[in-house]
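> Given next are the chains, with one letter for each unit.
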Amino acid sequence: MRFKSVSSIHADPYRAGAEIGDALREVVPEVVLLFASISYELDFTDLFDGIRDSIGSTETLIFGGTGDGIYETSRVANYGVCALGIHSGGKLRWSASFENGVSTDSYAAARSCALKTLSQVGGQAAFAFVLADGAKADGSGIVAGVNSVLRIPYFGGLTGDDRKFTRSRVLLNGRELEDAVAILMASGELAHSINAAGGWTPIGTSGNVEESEGNSIRRIGGMSAQAFMKEQLGKPLGETDLGIIPLAMYKSEGTEYFSLRTPSHLDSDAGAITMFGSIDQGTSVRVCTATREEVIRSVSDALEGLNRGKPGGAAAVVISCAGRKWMLEDRANEEVEQVLATLGKRIPLVGFPSFGEISPFRKPDGTYSDTFFHNVTFVICAIGG
Amino acid sequence: MKYPLLSLVENSPPGFTFKPCLSKHDVRSGPFALYSDSLQTAEHHLKEAGGYIAGIIVTDSDEFVWRASGFHLFHLGVPPALRSHLSALLPSFLELLEMIQSGGDENRNISLELARTVEDRRRLANDFARSRKSLLEEISERKKMEEEQQVLSSLVENSNNLIGIAAFDGTLVYMNRAGKKLLGLEDVGDIRTLNMGEMTFPKFQSKLKDIFSVLLKTGSWKGEAKYRNYKTGASIPVGTHAFVIRDPKTDQAVAFATISRDISERKSMEREMIKNQKLESIGLLAGGIAHDFNNLLTGIAGYVSLAQSRVPPEGDVGRHLAEAEKTTFRARDLTHQLLTFSRGGTPVKKTVAVCDLIRDSARLALTGSNVRCDIVPSPELWHVDVDEGQISQVMNNLLINACQAMPDGGVIQISSRNVTLGIKERLPLAEGRYVRISVKDQGIGIPGEHLQKIFDPYFTTKQKGNGLGLATSYAIIKKHDGNITVESKLGVGATFHIFLPASRNRNASQAGPEVKTEKGEGRILVMDDVEAIRDVATNMLESLGYTTADARDGMEALELYGEAMKTGKPFDAVIMDLTVPGGMGGQETVKKLLRIDPNAKVIVSSGYSNDDIMADYMAHGFSGVVPKPYTLNQLGEAVGRLLAGFP
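Protein chains in written order, with numbering that gives the first Met the number 0: chain H, 0 to 384; chain Z, 0 to 646.
One or more of the hints may lead you astray.
Straight-line distance between alpha carbons at most 30 Å, and here's what the computed BS3-like set of lysine-lysine pairs gives [stated by the list, open to error]:
#1 H:K3 / Z:K1
#2 Z:K132 / H:K234
#3 H:K229 / Z:K132
Coverage of chain H stretches by chain Z, computed from C-beta distances (three or more under 8 Å per stretch; other residues unrestricted) [as the list claims (entries may be wrong)]:
#4 10-20
#5 203-213
#6 234-243
Ranges between beta-carbon positions, derived for each pair [said to hold, decoys possible]:
#7 Z:R131 / H:G213: 29 to 37 Å
#8 Z:R131 / H:E209: 55 to 63 Å
#9 Z:Q148 / H:M222: 20 to 28 Å
#10 H:M222 / Z:N159: 33 to 41 Å
#11 Z:L95 / H:E212: 36 to 44 Å
Calculated from the structure, these hints are not laboratory results.
The beta-carbon is built from N, C-alpha and C at its ideal position, and this holds for glycine as well.
Extracted from the complex, chain Z is given alone in its bound form:
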């Protein structure tokens, strides 16, 4: 029987099987009917069978009863009269119950499937939300990276340094704007068609190979290199830092990058610095030689002067001695130039007439050249307060440059005029009165790009020039509170304009009241480290009637002076050399001397005529000055003026 009809009581309806105990198999195999004497008894037995049962509990009842007793459990109460029909009646009910139970199973499975679908949807929704969030984060990150990349790209592209990337076979991958400009690649369409080798010189190729191997080994290389401008072929010295670019995933070197800076200017400055150091050394040497030479000249000039004083000036000997004296002073001028070059110097100014200055300078500079000099007369020119030697040097430089600009000859025109400058004029000069001296040549002219540089130290276009002439001239004019400018046209010539402040003095400096070189009397102490100068100076003074003593250095001078004071035979004047190598020089000695004798009269003498002390001797305690070399007259004049009470 498909659906078991079971009974808990022996006296069961027909078709029912008595089962005092119910097994799972009895009640869990499918829908069943269970006859019991009471509903409670049946429910009690079924409880032990567990869940999932579907059945009909049948009990006797006075009237027909049908109601639910559990999930798929029903209670059928039948009147006794229907007991015999139960076995026929129940299968259809049980079949229905089976359908319900199957439906329940199906529903259960459907519920499970539905729950699963909901779970799957939830899982999908969560993952979608996560993926979406991740995607948005990635997009934001990417945007941020793109922005950063743009900033970096802009930095790289606009950097003043060359920034480039090349593959290890040298093929260019990228070059920034500065790099293209430096290497002459601006007109190249696709730089990736080029190789780094084309941007280097053949001599550098083997060094390039060494650099690559260092790069691969260590990852970077720093040093100096030489690029070749692709367009012009010019050599470009660069300071370079090259480094390897690696694939972030594999760490393999895939290319190399280089950051290079044009060091032409630095190289040039290094060369200039070396040149400068050399020149400084030469200057020091020249200065030293000039100083010693000047001392020698002092001796020569002094003895010539002494000799002149003993012979008639109109005789042959007198004339020869006069020429010897001139030559000596020309030699002195030369040493002054050297000293000026080596030490610079504050101008020792006096009021001079410009036209005289121009005339003398032109004669000196152009003697023997194939260049003619036209000096345009300028009446009523104001005087100027200048250091004649220095301004002569300036004129000399300009005239020599003009000559050299006209190797086949020509005319140099020198003109001068008074100018009054106001605030309208675009010159770096204070308002006021100036004398403008113009030197114009007919040479090849100066290229426009050089005009700004010609007054720079060491700038020269001449093969053998040292680039100091115009720089020194500029410095001299500036020290005179003036200015020097230039204008030029290529193929036509150049004109230099010198502006010098006009003097308030209407008259050129005259020598002070003339003090004849008469014999004098008095006791003079000469201090100089050079014996020849002590000799000639004391001889010259003695020839003038003075009594003399001499000292090698300041210390000895102080001793002699002090002793003289004690013995009641004081010196009337002292002539001191300014520079005493290895000993006390004039500057220190005069201070100590003035402590001993505040009324001491001291004349300072030096070959550095434009030394600050010489230029402003009174401020340093001296009473007079006589530059070396000096003649008998000059020495006598200086001593005479001092003893006479004149400055």
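Pulled out of the complex, with its shape left as it was, chain H reads as follows:
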């Protein structure tokens, strides 16, 4: 297999695409994983055109989405586009499809998309990558929908914008999709490993979610959701906390394992909080905190679990929550730097700061947990090798 990553910060999307295409042409990519900042929003057509014109093929499957910036081997930037060209030499059968309506029913859309994509690869998927519109989807619903179909570990994320939480795009073969979920699957043999880590620690007292609807959490522990978080944090939630301060969501009573959910909107009238993923009524939650050091250190934890001390991989896809980037500020680069330091400085690496992450956990015995929806989590997929 051949992999190559490239990035461009050209303002002209066509030129950026052309630069991407030019660089990837040499690997003759079957699939291009493409991640771009939302600043290219008006001209994704030009971006696609640039890539295709430069690659010189319309057969290349282009799959990606927008995020709050790009991660690539050579740069971590707030604005630009990055891509990973993958060539399997025909050993993999690739397929990608999408489904609209994640804002209405994320579960149904994801399930339908997964069924469609799976059928296109002959019902045998070895690899799956899921992206959904972060401004509209319920991440929990997306994962639940895909879990209802796929039995393999898979990863992915929610696309995003530049911290405005208003719009994002899933990019698929020249189309920019809104309110959609898209899945890329491959059948065949594709060695890859996935892991996730957060670095967050629950603090304070837990509260039960007493009232919630979809992504909107209204009451926790006898008070409004915002009041609960204010009580735990000692200060009211603010704009700067959106996407950053998570609630640990305990799957069942008495368990230590939790997923994280961060707020995306605050309803100041009702004291409700809209999260990036839904939390069912009756779920026990606790506010979490972390230092920048703990957040960065969690990358090592994720890498450690990739192949239990022998990470390996010929390429890497990093989906790290945009909230982590906002929290790390000038140290945001250090996540990718750690990956490169572990996997190799020249390893083709792409990724984006997302509005939600999808990943299982790699267990000590090398098997995988179920796939969960996360927030403020670092997800890495090492491919090939």
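On the provided structure of chain H, position chain Z as indicated by the hints.
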């Protein structure tokens, strides 16, 4: 070639490639040069290629032209002579253009970053303002809560009730000032070293466990309990309300609080009320017995009197009958005391000499005791208007108390003198003349804290005392418009001072003009519910020469009287009993009788000699009064006076 040189016309300069149609790739991949026959043609083609282009449009021109044609688009007009040099000339321009374009990209990115930074700052500023506002609100709220807490703390700390908090193992957590005082904990440094169990009696411990379980179950408990004073060990009955304190976050019971009130006084009052009710019942019983006994005495006294009238007074029989009469009247005095105790009573006053009163009372009270009585003579004492019986009762009470204060004997000194009180004297008495009687003993004295209470009903320090003697004495003196005070020194003795208003009369009451117990004539009607009294009264009257008739009650009396009037044999006088159980008594009967005969002469007779009617008989329609029991002389005198026209 790094920078494409394109041409829209076939006849292009050397190095240029003819492109009848331009693709995005041609013009968007980087800076380019485009040869066209005209600027407008070139601009038209480039328009379709979209934005972000950087290029140089080359046209033929008579003279060298260089000007901007768009954002990163320039127009180069070259004279035909320079056409062949364009391919060599243009790359450097295009390289420059690329640098400009890259710079533009950079600037764009910088602008975006700047906008983002401004947005981040705005977000931070907004959040800071919100947090600051929230913090200030919280501080204000906290201050307000602290103030409220201080007020509440002050209320709790200064409450007169015990307010305390203890853990469920009994360890004290908090006790307010009143609680510490009540439980004798004022000198304890840290009350948290103590346990509630130390403030209760062993007998109460098991009840305490029951109370805790009720508390945990229901959250509160109300009832009476007994604390133990930590310092003195004294028992303190309290009314208590205990309730559980819960952690507001977990709702777990963490401690309990109690608000308790010392109910010693209430308990004491309850006991006194029960005692009072008992005494009232006893009083009623005593009054009833005394009344009946008095009626019996009336019969006895009457027959003794009748017997006396038939034998010589100097003989043995006469003397024995005289003693029997005295004893009867002593018994009467006793019944009067009982009646006074049970009913109280308006004093029936007459002017008496104080020294006589003192002498008689002392003799009566101290007979048989080991206490000597010294009566200090007081010449020229003013007389007083008193109810002899009641004042005797007062003197009796004081003298008996003085005796009891000297169980091993001693001397009681009774002195009296005239005093004139003005506004300077701090006594609750009107200005005027008084006689002060002082009774001084050499007993153990009265403790200072009791001096204020000794005249209170039921206050007694004696094991067997009922606490009524001094209270009754006080009430009697007050009814005489006088006052009674006490002074005492422990181990020395006590002195009681009685102040009685001096009489305007210079002479003691004398009996009215003496009417000898002569035989009389006339018709007398006797009304009494007791047959023995009717018998003895009619016998006594008949022995005096009167004719008599008797009636059981007022109704019968009215019938007989009316009939007598009709038959022309009217009664000259009527003697009526005041109290007729189950029938018409004297008070009602006299009113009806006077309607029949406004000139009717009616004598009221009763064992309640200090009854209001007896004391003021004329105001109630009666013409005379004869208290029971009466002698032959007393009855004859009363009837004789009435028929003679004397009150």
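> The region 10-20 of chain H covered by chain Z? Criterion: 3 or more residues, Cβ-Cβ distance below 8 Å.
holds (count 6)
> Between the alpha carbons of Z:K132 and H:K234, is the straight-line distance 30 Å or under?
Measuring from Cα to Cα gives roughly 10 Å; hence the hint holds.
> Per the hint of 20 to 28 Å, is the separation of the Cβ atoms of Z:Q148 and H:M222 within bounds?
holds (22 Å)
> Keeping to a limit of 30 Å between CA atoms, is the pair of H:K229 and Z:K132 held or broken?
holds (13 Å)
> For the pair H:M222 and Z:N159, does the Cβ-Cβ distance stay inside 33 to 41 Å?
Holds, at about 39 Å.
> Using the beta carbons of Z:R131 and H:G213, state whether their distance is inside 29 to 37 Å or not.
Taking Cβ atoms as reference, Z:R131 and H:G213 lie about 33 Å apart, which means the hint holds.
> Between H:K3 and Z:K1, is the straight-line Cα distance small enough, at 30 Å or below?
holds (23 Å)
> Verify the CB-CB distance for Z:L95 and H:E212 against the hinted window 36 to 44 Å.
Check failed, 59 Å falls outside 36 to 44 Å.
> Measuring from beta carbon to beta carbon, are Z:R131 and H:E209 in 55 to 63 Å?
violated (30 Å)
> Between the region 203-213 of chain H and chain Z, are there enough contacts, at least three residues with CB-CB distance under 8 Å, for the coverage claim to hold?
Our answer is that it is violated, as 1 residues pass the Cβ test (under 8 Å) against chain Z, missing three.
> Three or more residues of the region 234-243 of chain H near chain Z by CB distance under 8 Å?
This one holds; 6 residues, not fewer than the three required, reach chain Z with a Cβ under 8 Å.
Consistency with the previously given hints fails for numbers 5, 8 and 11, ordered from lowest to highest.
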